[in-house]
Each structure stands twice: as C-alpha cells, then as structure tokens.
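S.K.: These are the residues of each chain, in order.
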Amino acid sequence: MTILGPILLAALMIGPALIAIMSDSDYEVAIVDDTNMFYDAFSDTRNVKYTHLQTDIDSAMELMRGDKFDAVLHIPEVAFQAPSSLRLFSLKSVNFNAKSHMESVLKNEYESLKLTIAGIDPEVLMAVETRININAVRMDKDGLEKTDYPEVSMGLGFVSGLLIYMFIFLFGSQVLRGVLEEKTSRIVEIIVSSVKPFQLMMGKVIGIGLVGLTQFLIWVVLTFAIVGGVRATFPNLFQFTPTEQVHITATQSLNAEDLQRQMETVQMQNTTAGQILEGLQAINFPVMILSFLFYFIGGYLLYAALFAAIGSAVDNEADTQQFMLPVTVPLLFSIVMMQMIIQNPSGPVAFWLSIIPLTSPVIMMIRIPFGVPFMDLAISAVLLILGFIFTTWLAAKIYRTGILMYGKKIDYAELWKWIRYR
Amino acid sequence: MEYLFRAENISKAYTGHKALTNVSIHVPASGIFGLLGPNGAGKTTLIRIINQIIAPDEGFLFYGNEKLKPEHVHRIGYLPEERGLYKKMKVGEQAMYLAQLKGVPAHKSKKLLKEWFEKFDLIPWWNKKVEELSKGMAQKVQFIITVLHKPDLLIFDEPFSGFDPINVNLLKQEILKLRDEGATIIFSTHNMGSVEELCDHIALINKSEKILDGNVRDIKKEFSTNIYQLELGDLKQPIEQLLDRRFELIRSVAHNGLMTARVKIAAGTNSNELLQKVMPLANVISFMELTPSMNDIFIKTVTGKYPQESSEYEISESANDYLAE
Chain A
0 MTILGPILLA ALMIGPALIA IMSDSDYEVA IVDDTNMFYD AFSDTRNVKY THLQTDIDSA
60 MELMRGDKFD AVLHIPEVAF QAPSSLRLFS LKSVNFNAKS HMESVLKNEY ESLKLTIAGI
120 DPEVLMAVET RININAVRMD KDGLEKTDYP EVSMGLGFVS GLLIYMFIFL FGSQVLRGVL
180 EEKTSRIVEI IVSSVKPFQL MMGKVIGIGL VGLTQFLIWV VLTFAIVGGV RATFPNLFQF
240 TPTEQVHITA TQSLNAEDLQ RQMETVQMQN TTAGQILEGL QAINFPVMIL SFLFYFIGGY
300 LLYAALFAAI GSAVDNEADT QQFMLPVTVP LLFSIVMMQM IIQNPSGPVA FWLSIIPLTS
360 PVIMMIRIPF GVPFMDLAIS AVLLILGFIF TTWLAAKIYR TGILMYGKKI DYAELWKWIR
420 YR
Chain S
0 MEYLFRAENI SKAYTGHKAL TNVSIHVPAS GIFGLLGPNG AGKTTLIRII NQIIAPDEGF
60 LFYGNEKLKP EHVHRIGYLP EERGLYKKMK VGEQAMYLAQ LKGVPAHKSK KLLKEWFEKF
120 DLIPWWNKKV EELSKGMAQK VQFIITVLHK PDLLIFDEPF SGFDPINVNL LKQEILKLRD
180 EGATIIFSTH NMGSVEELCD HIALINKSEK ILDGNVRDIK KEFSTNIYQL ELGDLKQPIE
240 QLLDRRFELI RSVAHNGLMT ARVKIAAGTN SNELLQKVMP LANVISFMEL TPSMNDIFIK
300 TVTGKYPQES SEYEISESAN DYLAE
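As given, the protein sequences belong to chains A and S, one line each in that order. The opening position of the first sequence corresponds to residue 0 in numbering that gives the first Met the number 0, with each subsequent residue numbered one higher. The opening position of the second sequence corresponds to residue 0 in numbering that gives the first Met the number 0, with each subsequent residue numbered one higher.
Everything labelled a hint here was simulated from the structure, so no lab data went into it. No experiment lies behind these values; they were computed from the predicted model shown. C-beta atoms are modelled at their ideal positions from N, C-alpha and C, and glycine is treated no differently. It cannot be assumed that every hint is accurate.
Unchecked claim - Below, in silico cross-link-like pairs of lysine-lysine (PhoX-like), each with a Cα-Cα straight-line distance of 20 Å or less:
(1) A:Lys195 - S:Lys68
(2) A:Lys113 - A:Lys48
(3) A:Lys407 - S:Lys87
(4) S:Lys17 - A:Lys416
(5) A:Lys106 - A:Lys48
(6) A:Lys195 - S:Lys66
(7) S:Lys113 - S:Lys89
(8) S:Lys220 - S:Lys299
(9) S:Lys110 - S:Lys149
(10) S:Lys127 - S:Lys89
(11) A:Lys67 - A:Lys48
(12) S:Lys127 - S:Lys87
Stated by the list, open to error - Label-pair distances were calculated between CB atoms; the ranges are:
(13) S:Ile122 - A:Glu316: 33 to 41 Å
(14) S:Gly102 - A:Gly346: 54 to 62 Å
(15) A:Ile6 - S:Trp125: 31 to 39 Å
(16) A:Glu150 - S:Gly102: 38 to 46 Å
(17) A:Ile2 - S:Asp199: 58 to 66 Å
(18) A:Pro325 - S:Pro27: 47 to 55 Å
(19) A:Glu316 - S:Asp199: 43 to 51 Å
(20) A:Phe389 - S:Gly181: 45 to 53 Å
(21) S:Lys134 - A:Ile2: 31 to 39 Å
(22) S:Trp125 - A:Met339: 57 to 65 Å
(23) S:Asn126 - A:Val210: 18 to 26 Å
(24) A:Asp318 - S:Arg74: 34 to 42 Å
(25) A:Leu216 - S:Asp199: 53 to 61 Å
(26) S:Glu196 - A:Leu212: 34 to 42 Å
Based on the provided sequences and hints, a complete structural model is requested.
M.R.: So, in structure tokens, the structure goes:
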C-alpha cells in the first residue's frame with residue numbers, strides 16, 4: 000500500500016494526459032458535399048481529419064469499405080432545406096466526438112447562412128457577442144482585495160474533504176480490525192493484565208493514527224515526486240493537459256455547443272494555469288494547512304474511538320455490520336452533502352454541518368478554502384475536541400467490558416448496560 | 000499467618016446478576032492457593048479484579064500490607080483462561096514485547112527468554128510466526144510469558160485446559176518448582192485432581208459467594224467421615240463379634256481368605272482403639288482412613304450431598320476406588 004498508493008495516485012494524474020496522446024489515432028472522415036457549400040467549413044481538429052471528396056457518395060462508400068476512411072459524411076443537395084437528410088456513414092460505431100464536432104460546425108454554418116439570407120451581417124453578430132466573466136473579489140477585514148476563484152476553492156475543498164473522509168474510513172476500520180484481532184486471538188486479556196484497557200485502546204488508536212499520518216505523508220511526497228519526475232522527463236506530455244481539462248469539464252455538461260466553443264477557445268484557456276495559480280494565492284494557506292491537520296486528526300480520533308468500541312463489542316467481522324451503520328452514516332452524509340455545501344459554503348446547512356462534530360471534519364474542510372469566519376472555526380474546533388473526548392470516553396466504557404465478553408449476542412441495549420457499569 | 004494477598008468483602012454486580020457477593024480471600028505467602036468453583040461461579044471475575052482488569056463495586060484489595068496499586072501488576076503474573084497470542088507476530092519478538100510490558104528491560108528479557116525456550120525445547124521456533132506453532136507449544140510460550148518477569152504472585156486460570164498429559168505434567172513440575180522458589184500461586188480450576196495434588200489452601204466459590212475456605216488438610220479433617228478400612232487375614236471369629244457399639248460395621252467382603260471391612264468410629268473415639276480391638280484376633284494387613292476426596296467435598300458443599308449417594312454408606316465412588324485397589 001505504501002508504495003503502491005502513490006504510484007496509483009500518480010497514474011491517476013498522469014493517465015489522462017497519456018490516454019489523450021494515445022487516443023490521437025486520427026479519425027478519418029470523408030466529406031461528400033453535393034451542395035458544394037460546406038467544404039471550407041471543416042478544418043481538421045486534433046483527432047479528426049477531414050478529406051473533401053469530389054466524387055459521388057457511392058464511390059466514397061467504396062473507399063470507406065476499402066478502409067481508406069473511418070466515416071463518410073454525406074451532405075445531399077437538399078441538405079440546406081432539410082437538415083435531417085444529413086448522413087454520417089461508418090462501418091464501426093461512430094466516434095462521438097467527431098460527430099459532435101461535425102454537428103456544431105454545420106450548426107454554425109447553417110446559422111450564418113440563415114443570417115446572411117435574413118440580411119444580417121455575421122460580422123455584426125460577432126461584434127454583438129460578448130463574453131462575460133465576473134471577477135469575484137473577496138474583501139478581507141483590512142479592506143484588502145483578493146480576486147476570488149470559486150473554482151479553485153471548490154477543487155481544494157473537495158480534495159481535502161475527500162482526503163479526510165478516506166483517511167477516517169481507511170484507518171478507522173484498521174482500528175476496528177486491530178481491536179477485533181486482539182479480541183479473537185484472545186491475547187487481549189494477557190495484555191490488559193499489564194496495561195489498562197484504556198491505555199491499550201488509546202495506544203491502538205494513536206498508533207494507527209501515526210501510521211496513517213506517516214503513510215499519508217509518504218503518499219503526498221512520493222506522488223508529487225513521481226508526477227514531477229514524469230513531467231520533467233516527458234514535458235510534451237503535459238502540453239495538452241489544459242485542453243484535456245477543458246475537454247473533460249465540457250463533456251460533463253454533455254452539451255455539444257459548449258464543447259465546440261470550449262474547444263475553439265483552447266488558446267484562451269491556456270491561461271487557466273495562471274488563473275489557478277492566482278486563485279491559489281487567494282487561499283489562506285497557513286489556515287488551510289493547520290485546519291486540515293486539525294480536522295484530519297480530530298476527525299480520525301473521533302471516529303477511531305467509535306470503531307474501536309465496535310471492534311471490542313463483537314466477536315467476528317460479520318457482526319460489525321449492525322454497529323457500523325450508525326457510525327458510517329454521518330460520514331457518508333457529509334460526502335453526499337459536499338455538492339450542496341460547495342454551492343453555498345456560507346449557508347445555514349453548511350454552518351450547522353461544519354459545527355456538528357460528526358460531520359465537521361469533512362464539511363469544514365470544504366468551507367475553509369472559501370473563507371470561514373473565525374467564530375465558526377473556533378466553535379467547530381472546540382466542539383470537535385469535546386466530541387472526540389466524549390466518543391473516547393464512551394468507547395472506553397464499551398471497550399473494557401467488550402474485550403472480555405465472548406459468545407454473547409450484543410445489541411444496543413447491551414451496549415447501554417456496559418456504558419452504565421461502574 | 001503472613002498473607003501475600005488479601006481481598007476483603009469484594010462485591011461485583013452486572014446488570015441482572017451478581018458475579019461476586021461479599022467475597023474475601025486470604026492468600027498466604029509462598030504456597031499454592033486453589034480457587035475452586037463450578038463454571039460461572041465468579042472465579043474469573045475475582046481473578047480479573049485481582050489483576051485490576053475490572054474494578055469491584057465494593058471491597059478492598061491488599062498486596063502485602065499495601066493497598067493494591069496499578070504498579071503491582073509488574074509483580075503479578077497472570078495466565079488467563081481465554082488466552083492467545085498475536086498470530087502473525089514472531090514468537091520471540093512477541094514474547095519480548097509482552098515481557099517489556101511487564102517491565103522487564105529488553106536485553107534482560109531476551110536472556111531470560113532464551114533460558115526458558117531452551118528448557119521447553121522452543122529455541123527453533125524463536126523466529127517462527129505464532130500461527131505455525133502447535134496449540135501445546137503456544138501454551139508453553141504463554142506460560143513462559145506469565146512467569147518470565149519472576150512475579151511474586153502467579154495467577155493461573157484453568158492452566159491445564161488444552162494441554163496433553165505430558166505437558167500437564169511438565170507444567171505441574173514447573174509450578175511446583177516456582178512454589179519451592181518462594182512464589183505464591185493462585186490456581187483457579189474445577190479439576191479437583193490437580194487441587195489435591197497441588198494446593199495448600201483453597202477457597203470454594205459457588206453462585207457468587209465463598210462457601211468454604213482454609214487449609215486443605217484442615218478441610219479434609221473437617222469433612223472426614225470417620226470411616227476406616229481394614230484388611231484382615233486369619234480372622235478367628237466373625238468380625239461383627241469383635242465390635243462393640245463404638246464401632247459400626249458398614250460393609251465387609253471376604254475374598255481369597257482376606258476380609259475387607261469398613262468401620263465407622265463413633266465421634267470421640269480414637270482410631271487406635273479399633274486397631275487394638277482387632278489385632279489380637281486377626282492379622283492386620285492394612286488399615287487406613289477413608290477420607291473424602293476434594294471432589295467429594297466440592298460436590299457435597301455445592302450441592303449439599305455427596306455424589307452417587309447411597310443409602311448404605313455415605314461415601315463416594317472415589318472412596319470405593321480405595322477398596323478396588
């Protein structure tokens with residue numbers, strides 16, 4: 000895991016760029032334009048190559064069967080009057096991107112032709128079209144302005160929230176398994192005759208937490224080392240990355256029009272990196288890093304104690320399910336709510352979820368890049384500390400009875416009894 | 000008498016049932032103290048309280064003259080009934096780790112462990128994982144871990160369960176050796192055979208209460224039935240005629256010219272008087288008191304009657320075994 004993790008993560012980052020290059024195998028499209036109006040409109044893109052055939056459609060089809068082309072676009076005489084007569088022939092399934100590209104090209108052409116017919120100069124229309132991009136400016140108390148890039152904050156919030164979620168789950172369940180192992184292997188009574196059950200439990204929680212932190216740091220360092228290394232070795236691999244990012248975000252909306260526009264404005268988007276950099280500068284990094292560590296550790300301690308309690312209460316892994324549910328639901332809930340919180344990071348839902356200790360580790364990390372009032376942060380932090388003290392106290396009560404209890408079917412009523420024991 | 004460990008008026012209740020009710024035990028220094036009782040009587044609860052794994056609801060514990068403190072765990076060695084080891088960890092490594100938990104420094108624990116491993120033929124297993132050991136070997140490792148830090152007080156909860164007879168014997172020898180070296184041993188079991196063999200003192204717990212305790216010899220005397228068994232040859236007249244009302248003949252069997260008889264002596268009568276009565280008229284081959292076994296005492300105390308109760312004579316099967324021999 001230690002070594003494999005960063006390799007996988009790095010692959011996740013490098014993979015798309017590699018795949019983008021590999022999928023460069025061109026999609027060859029032959030155009031048979033019986034109207035002779037649209038030949039000039041099609042220009043090659045990165046993956047799609049157009050060939051203008053001055054033949055009839057039958058010989059074009061023959062060429063396609065002879066493997067000269069992947070597809071044939073047929074624009075019949077009546078195409079302008081009846082756009083539905085447009086046909087794209089291919090032997091294999093049609094390349095979706097190529098099809099979208101052709102559609103948008105034709106759409107633009109149709110529109111400008113229609114405009115010309117209607118007597119509107121396309122130049123005028125171009126002049127009318129305006130690109131709007133509001134620069135969000137965040138004021139801080141001293142009146143200093145910072146350009147705000149919600150996209151950057153969003154990404155950062157998402158990533159840190161997810162990381163905390165993963166960390167809690169991964170190492171929380173490791174605590175559970177560890178406790179369960181000690182119980183089922185029957186070594187626990189030997190150990191608790193030397194150390195107090197509470198010490199053993201905290202030792203397990205803290206120990207695995209430190210292992211987790213170490214592993215996490217190794218991951219971060221190695222991932223960046225690998226990505227950096229690959230980047231230095233193959234600089235051209237990343238040349239196209241911005242384009243791909245545009246591509247990815249655009250295909251998410253699955254709107255061919257947007258796709259087209261975005262593809263065409265790739266050059267403009269080349270400044271994205273610069274924007275991201277500027278956006279990152281708007282983030283308060285000391286606060287970000289410190290609170291990440293705080294919620295990372297606090298959230299882990301809170302949940303790990305509960306996981307330890309579950310591990311101590313049951314006899315085998317299968318029985319953990321009924322107790323796992325109430326513990327995992329708040330965590331899953333935080334993840335489900337992420338989208339909503341990002342839409343409105345200072346709303347009441349965001350506020351309350353970032354205050355409640357069970358959800359605050361994930362939710363607060365989403366909010367922080369957007370800027371959080373100090374009061375919110377303080378309340379949330381204090382509650383999280385109280386929260387993990389409480390869960391640890393609770394877990395210790397269950398743990399000391401549970402580890403010595405075998406062969407008994409445990410339910411919540413039973414756990415409640417254990418909590419009340421002196 | 001000097002006590003190494005005392006538990007005074009210990010009570011512990013779990014919701015729904017009482018595990019211990021006002022139990023006091025006094026464990027004399029240097030000797031083997033048997034903690035007896037049927038399953039579920041509260042033995043393990045008491046042992047866990049002694050080990051400070053759980054806290055009593057009421058009562059006090061003393062180690063020597065001091066109140067029991069957390070530091071005392073280093074002077075106690077505990078072999079629980081439910082015992083195991085980390086399966087994936089190496090044997091030697093794990094033994095060293097557990098020894099260090101008991102406060103033995105690493106270099107010292109290694110040396111001590113090597114000696115014990117040597118004694119139990121475990122040296123080749125030092126670097127093996129625990130899961131590769133047989134059950135018996137793992138039990139030996141657990142025993143070593145229990146005694147390694149040379150505790151003054153050793154607590155064995157059902158130590159022989161899961162051992163084969165050879166290893167039971169080995170273990171018994173080691174336990175006796177530890178006693179001879181001055182250790183105090185609390186020995187919890189419901190196997191009465193080993194009690195008879197090993198224990199100097201016992202406490203009997205039933206249904207959360209202590210119902211009997213004391214020196215094993217005293218208890219046996221207390222439970223003595225005053226029945227003696229005689230083996231006589233060349234009997235000159237019927238045995239009934241020999242006896243007066245102080246002596247009650249319970250049973251007599253003639254076999255191969257030998258007469259085996261059991262005679263109950265009235266209270267206050269010396270057994271020598273029976274011998275004197277018989278000697279002139281017969282050749283006394285053997286003469287012994289039929290004492291109830293600890294097993295009989297245990298069952299009598301717990302259930303109120305001797306096992307396999309017979310209307311003819313109130314002695315047990317094991318007493319009959321004497322006859323058979």
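S.K.: Between S:Asn126 and A:Val210, does the C-beta distance stay in 18 to 26 Å?
M.R.: 24 Å, holds
S.K.: Do the beta carbons of A:Pro325 and S:Pro27 sit within 47 to 55 Å of each other?
M.R.: For A:Pro325 and S:Pro27 the Cβ distance comes to about 52 Å; the hint holds.
S.K.: Could you check the hint for me, namely that S:Ile122 and A:Glu316 are 33 to 41 Å apart, CB to CB?
M.R.: With Cβ atoms ~36 Å apart, the hint holds.
S.K.: Using the C-beta atoms of A:Ile6 and S:Trp125, is the stated range 31 to 39 Å upheld?
M.R.: With a Cβ separation near 36 Å, A:Ile6 and S:Trp125 satisfy 31 to 39 Å, so the hint holds.
S.K.: Do the alpha carbons of A:Lys113 and A:Lys48 lie within 20 Å of each other, as the hint requires?
M.R.: Roughly 27 Å between the alpha carbons, so the hint for A:Lys113 and A:Lys48 is violated.
S.K.: Given the proposed pairing of A:Lys106 with A:Lys48, does the C-alpha separation stay at or below 20 Å?
M.R.: 19 Å, holds
S.K.: Does the beta carbon distance between A:Glu316 and S:Asp199 stay inside 43 to 51 Å, or does it fall outside?
M.R.: 46 Å, holds
S.K.: For the pair supplied as a hint, S:Lys127 and S:Lys87, confirm whether the alpha-carbon distance does not exceed 20 Å.
M.R.: 9 Å, holds
S.K.: Against the range 45 to 53 Å, how does the distance between the Cβ atoms of A:Phe389 and S:Gly181 compare: consistent or not?
M.R.: 48 Å, holds
S.K.: A range of 57 to 65 Å was offered for this pair. Does it hold for the Cβ distance of S:Trp125 and A:Met339?
M.R.: 58 Å, holds
S.K.: Take the C-beta atom of A:Glu150 and the C-beta atom of S:Gly102, compute their distance, and say whether it sits inside 38 to 46 Å.
M.R.: 58 Å, violated
S.K.: Take the C-beta atom of S:Lys134 and the C-beta atom of A:Ile2, compute their distance, and say whether it sits inside 31 to 39 Å.
M.R.: 37 Å, holds
Hints 2, 3, 16 and 26 from the list above are not met by this structure, while the remaining hints are.
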